Amino acid sequence: AQKITQTQPGMFVQEKEAVTLDCTYDTSDPSYGLFWYKQPSSGEMIFLIYQGSYDQQNATEGRYSLNFQKARKSANLVISASQLGDSAMYFCAMQPLARVTTLRNSGGSNYKLTFGKGTLLTVNP
Amino acid sequence: EAGVTQFPSHSVIEKGQTVTLRCDPISGHDNLYWYRRVMGKEIKFLLHFVKESKQDESGMPNNRFLAERTGGTYSTLKVQPAELEDSGVYFCASSHTGAPSGEQYFGPGTRLTVT
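So the protein sequences, as listed, match chains Z and A. Numbering-wise (my numbering), the first sequence opens with residue 1 and increments by one. Numbering-wise (my numbering), the second sequence opens with residue 1 and increments by one.
Calculated directly from the structure, the hints in this document are not laboratory data. Take the hints with a grain of salt, since some may be wrong.
[As the list claims (entries may be wrong)] Residues on chain A that point at chain Z, a partial pick, calculated with CB under 8 Å:
id, residue
1, GLY28
2, ASN31
3, TYR33
4, GLU42
5, ILE43
6, PHE45
7, HIS48
8, ASP56
9, SER95
10, HIS96
11, GLU103
12, TYR105
13, PHE106
14, PRO108
[What the hints assert, rightly or not] Label-pair distances were calculated between CB atoms; the ranges are:
id, chain 1, residue 1, chain 2, residue 2, range
15, A, SER58, Z, PRO125, 43 to 49 Å
16, Z, TYR64, A, LYS41, 24 to 30 Å
17, A, THR113, Z, TYR64, 30 to 36 Å
Remember, it's a predicted structure, so these values are computed and weren't measured experimentally. Heads up, the beta-carbon is just placed ideally off N, CA and C, and yes, glycines get one too.
In isolation and in its complexed conformation, chain A is listed as follows (with noise of 0.2 Å):
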């Protein structure tokens, strides 16, 4: 069974520029979360999708943010514009609804640095 993937690994963008993070989980997972780690803080959740819908969005810095999930498969997420502040680990996580633990299965992350 594939992992949670995402893409790209590392993104290095200036200031002001646009990026689109890209997540595709475990086949079959109807939960998609998305949580970011900026240097030396907690991994703070950004939002939650059920299927293609949002469940929750309260982690979501501001309006620079935008993430969609087409059709309950896979999802971006874009920043537009990026600034410094933006730059950190971005982890994707699937989790099966209804699974005892809910245990949630991250993907390896995408760095963003923006310069």
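So that you can see chain Z by itself, here it is in the shape it has in the complex (with noise of 0.2 Å):
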């Protein structure tokens, strides 16, 4: 089983500071992946970034950087220079891998995602 933890239930931060949004995550899996997804006010979710499990390097895109960290099990979002479009729920997510081969042979989906409960971040002028 995979369980995703954030721990802050809102945060606040100043236009162009950075913010880190914690996500902490659980599972007995040998390969995953790890999302983080944004939901704006308007209700629908945006993939932000991705990390796997066996990247060696922090994922970046853009102004979003993911802070992995395997032995803490730690997969905290980081976003430089907020803006007010930043304003939203975060949601972290994480997906067992497995090879395509193997995926109808699996018995079990190994690609649906476990979310955490999010974290809403309002971004102040």
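Reconstruct the complex from the two isolated chains, following the hints.
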């Protein structure tokens, strides 16, 4: 079983400052992927960044970076130079990984996402 | 490229009625997922289709929920009869088999309110 914990129900940050959103996980899968999604007030889920457990380097996508510490089982999202449009709900999620060829023989899904409860980020002007 | 679409965006029904939610995945995506977020709780996995086959339906709450995926294209999720606890936002997502990251593209969700 997989579990994602986001301990910050809400976070506030000043515009142009950096902010870190915490995410810790627990899994028995040897390989897994970690994701961050953004959900603005309009409701859609927007993919931000992905980190594979086997990746040697931390993932970065523009102003987003993922601080992956495998030994601590943490995958914190860092947003640099916050903008007002960054105000949204942020979800951390994980997914077990399996070779595509074994998917149908696995007896279960290897691709479902397990989500945390989310962190509501508010960027103040 | 069109994204994942869901219909309706919002549905309000009375307890005991039937509702059918629809999801159109991104063209060419074999994998289609349904998730649900009940107010204040985590987004929970419901089920996973690979083309027209149910790969994993371990997250389906009970037999009042029926999901289908006709011809491996769009999918429907029927709730019959609806109960108050079924209220929430139902998300559909799709992904391409073999994509390195398994990234799932989400639709805008259907907000279901059962009164």
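Self-check item: Proposed interface contact between A/PHE45 and chain Z, which counts if any beta carbon pair is under 8 Å
Solution: Holds, because the Cβ-Cβ distance from A/PHE45 to chain Z comes to roughly 4 Å (cut-off 8 Å).
Quiz item: How does the Cβ-Cβ distance of A/SER58 and Z/PRO125 compare with 43 to 49 Å: does it lie in that range?
Solution: With a Cβ separation near 45 Å, A/SER58 and Z/PRO125 satisfy 43 to 49 Å, so the hint holds.
Quiz item: Do the numbers back the hint for A/ASN31, that is, is its least Cβ distance to chain Z under 8 Å?
Solution: holds, 6 Å
Practice problem: Grab the minimum C-beta distance from A/HIS48 to chain Z and call the hint holds if it beats 8 Å, violated otherwise. | Solution: Result: holds, 4 Å to nearest chain Z Cβ.
Exercise. Double-check A/ILE43 for me: the hint is only fine if its C-beta lies closer than 8 Å to a C-beta in chain Z.
Key: holds, 4 Å
Quiz prompt | Status of the hint placing A/GLU103 at chain Z (closest C-beta pair under 8 Å) | solution = holds, 6 Å
Quiz prompt | Restraint check, 8 Å cut-off on beta carbons, for A/TYR105 near chain Z | solution = holds, 7 Å
Quiz prompt | Hint validity - A/PHE106 Cβ closer than 8 Å to any chain Z Cβ | solution = Holds, because the Cβ-Cβ distance from A/PHE106 to chain Z comes to roughly 4 Å (cut-off 8 Å).
Quiz item: Holds or violated: is the Cβ of A/HIS96 closer than 8 Å to a Cβ in chain Z?
Solution: Violated - the Cβ of A/HIS96 stays beyond 8 Å from chain Z, reaching only about 10 Å at its closest.
Quiz prompt | Cut-off 8 Å, beta-carbon criterion: hint that A/GLU42 touches chain Z | solution = holds, 5 Å
Quiz item: Per the hint of 24 to 30 Å, is the separation of the Cβ atoms of Z/TYR64 and A/LYS41 within bounds?
Solution: holds, 25 Å
Quiz item: Would the hint on A/TYR33 stand, with a C-beta cut-off of 8 Å toward chain Z?
Solution: Status holds, d = 7 Å.
Going through the hint list in order, the structure does not satisfy hints 1 and 10.
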